[in-house]
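> The residues making up each chain are set out below.
Number of protein chains: 2
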Amino acid sequence: MRLQSTPKQDGFYMPSELAEHKCTYLLWPERPDNWRMGAKPAQAAYKKVIEAIAKHEPVVVGVNQSQYLHVLGMNMKNVSVVELSNNDAWIRDSGATMVVNGHGEMRAVDWGFNAYGGTLDGIYFPWDFDDYVAAKMADIEHVDRYVPEMIAEGGAFHTDGEGTLIVTEETMLSEDRNPNMTREEIERDLCEYTGCEKVLWLPYGVYKDEDTEGHVDNICQFVAPGKVVLAWEDNPEDPQHERSVKDLEYLESVTDAKGRKLEVVKIHVPNVITITEEEAEWIDTVEGTYPRIPGDRLPASYINYYNCNGAVILPIFNDPHDEDAIRTLQELFPDKVIETIYAREILLGGGNIHCITQQVPKV
Amino acid sequence: MRLQSTPKQDGFYMPSELAEHKCTYLLWPERPDNWRMGAKPAQAAYKKVIEAIAKHEPVVVGVNQSQYLHVLGMNMKNVSVVELSNNDAWIRDSGATMVVNGHGEMRAVDWGFNAYGGTLDGIYFPWDFDDYVAAKMADIEHVDRYVPEMIAEGGAFHTDGEGTLIVTEETMLSEDRNPNMTREEIERDLCEYTGCEKVLWLPYGVYKDEDTEGHVDNICQFVAPGKVVLAWEDNPEDPQHERSVKDLEYLESVTDAKGRKLEVVKIHVPNVITITEEEAEWIDTVEGTYPRIPGDRLPASYINYYNCNGAVILPIFNDPHDEDAIRTLQELFPDKVIETIYAREILLGGGNIHCITQQVPKV
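Quick mapping for you: the protein sequence lines, in order, are chains A and B. Under the working numbering, the residue at position 182 of the first sequence is numbered 182, and the numbers go up by one with no gaps. Under the working numbering, the residue at position 274 of the second sequence is numbered 274, and the numbers go up by one with no gaps.
Worth flagging that the hints you see were computed from the coordinates, not collected in a lab. Being a predicted model, the structure only gives us computed values, none of them experimental. Treat the hints with care, as some may be off.
Stated by the list, open to error - In silico DSBU-like cross-links for lysine-lysine, where the CA-CA straight-line distance does not exceed 30 Å:
no. : chain 1 : residue 1 : chain 2 : residue 2
1   : A       : K362      : B       : K22
2   : A       : K362      : B       : K55
3   : B       : K266      : A       : K8
4   : B       : K55       : A       : K77
5   : A       : K22       : B       : K55
6   : A       : K55       : B       : K77
7   : A       : K8        : B       : K55
Please take these sequences and the hints and turn them into a complete structure.
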């Protein structure tokens, strides 16, 4: 049922992704104007992500009816296949943000969704199914939902679960999301619907993260309250360097909702990855869909990993920096398994593992 | 996940409908070649059923994408709206039969479904979506499923939850369901997949129950182990009389799986109900769909009620026999609320309240 109040009013808040999960949702990629070769290589990569998570917690895969029998027939262990019409497969962004209270109850936040920019700058049209992914997820989980008027994708914010939200100015202040809201109004609504007390505003996302205009979940993620990982680039000639430096300076200058200084752990990005001729060849060209052009640089980052129960699901790129990322995360999470997925095919669609997953907390 | 064993092998059995439920599933009626006036009057009746059940336990409504926003917008309390493609809205028959063990576990049985007779005598074509309703229900409930080869609709059997199954010969032996199976093979598979020990074979269903060829859930239902209600007709001139008499004689001649004689409580059917000219006027005529013809007699019966937690959801017909049915059921279930629904619109589509509901037991 749709509620008229806000989570903060009702004593609900968004837990950290590191809190225990009930399950993880994904959507199944399909659209041939974003994913090459009828999305078959991307589907293979998604399947690896699904199976890696399903080793650790239940997975629910939402599928358009057109792909339902294909996915059902995979008969994957610990994986539910549900019909869930979608325009593209980024459930981090279109899915529900689950909020909990201290009394074993859960509710959903069903943010407005406009395909990363609506008719002004959205990356596909229409987004009618995606705007109801969160409602369907809420109803499958039998929870009531809040429906803020504001446009926000789940990849645009991270929380420590203790009152702090982290976002990027690039995304949250972009004129194609909420042009009629001031920064203060956006901050207020983010806090109302996540139950947070303080918003930290990173200036930048990852260079060339143009689909999302710089989602925070590609550049910075909490690894504990008071501690974050940041995508880093040593080479001062690379445009990513300046972005990472500015974000680091910001993070070193602020305190979180509890008044703590933040510890920042750098994780170097992989070497520059660009779309090849071959990779761009078998993508449908459709008016209104963001094109994938040979030579375009992709926003590759290890920060776009996903925390599930007992594991980190980490994108790797067969890159010299892979080992550093694995080692750093293993040190940060000594009790977790680091499940690596070669994720170039997901990146080709514009995001990575964090973008295609959405957790449901355990209550 | 699809399992290769059977519930009986694994220690699972189908509980009685009277055991406590987690929730109830329905599908949303839509097809204009079965339901008059674009299904709008039927939808209004279904909505009353949904809201009556939702007073007592959670309800999940499965909806084709084409009707999703309409149903979501009703914002019904204690009701989840999930996308679930279907050909018609008889989830008793297309949905999963849930089975449980003694250790808090649940699984689903996903019977074969062929729209009550396949290409030989089915009442609509195709039934491709309906054949996966049970799988989708299982996955929404996060349970694994058994997939018997045999065709069986959920309305074709009732159990007392103590080892006895009751069916009709008319349905279970019809040549358009399982022509290659003997009566003994059908009995064996029914027992394997419901965990029962003994099948009772009523000779007849309700007169003119031609869609289903005489489903048991329109003529006889357990009200307790060892005790059933039976649709009755006093008038010996009415074709229903002979059917009820034969069924009564059978019931008085047998014992259940525990060796008990059965107590039979009669509930008189309503007066004859036929389709009016007006009711048949606004139904699309489609080749392959069972037609609704003015003057055709409908298989009206009070036995097609539904047991939910704390209530009986009872179809009534503004008929002189309504009061008797209400009184008898109230006496049989003194602790339950009798929720009456004027159900002529559901009957016009070929079934009634039991046919459109499917319980998920609480484990």
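> Compare the structure with each hint and give your call.
Against the structure, the hints:
Under the criterion of a C-alpha separation no larger than 30 Å, the hint pairing K362 of chain A with K22 of chain B is consistent with the structure, at around 19 Å. Restraint check: the Cα-Cα separation between K362 of chain A and K55 of chain B comes to about 26 Å, which is no more than 30 Å; the hinted pair holds. Of the supplied pair hints, the one linking K266 of chain B and K8 of chain A is violated, its CA atoms being roughly 56 Å apart against a limit of 30 Å. A threshold of 30 Å between alpha carbons decides the hint, and for K55 of chain B with K77 of chain A the separation of about 36 Å lies outside it, so the pair is violated.
Restraint check for K22 of chain A and K55 of chain B: satisfied, since their Cα atoms lie roughly 27 Å apart, inside the 30 Å limit. A threshold of 30 Å between alpha carbons decides the hint, and for K55 of chain A with K77 of chain B the separation of about 36 Å lies outside it, so the pair is violated. Between K8 of chain A and K55 of chain B the CA atoms are separated by roughly 28 Å; this keeps the pair inside 30 Å, and the hint holds.
Against the hints set out earlier in the document, violations occur for numbers 3, 4 and 6.
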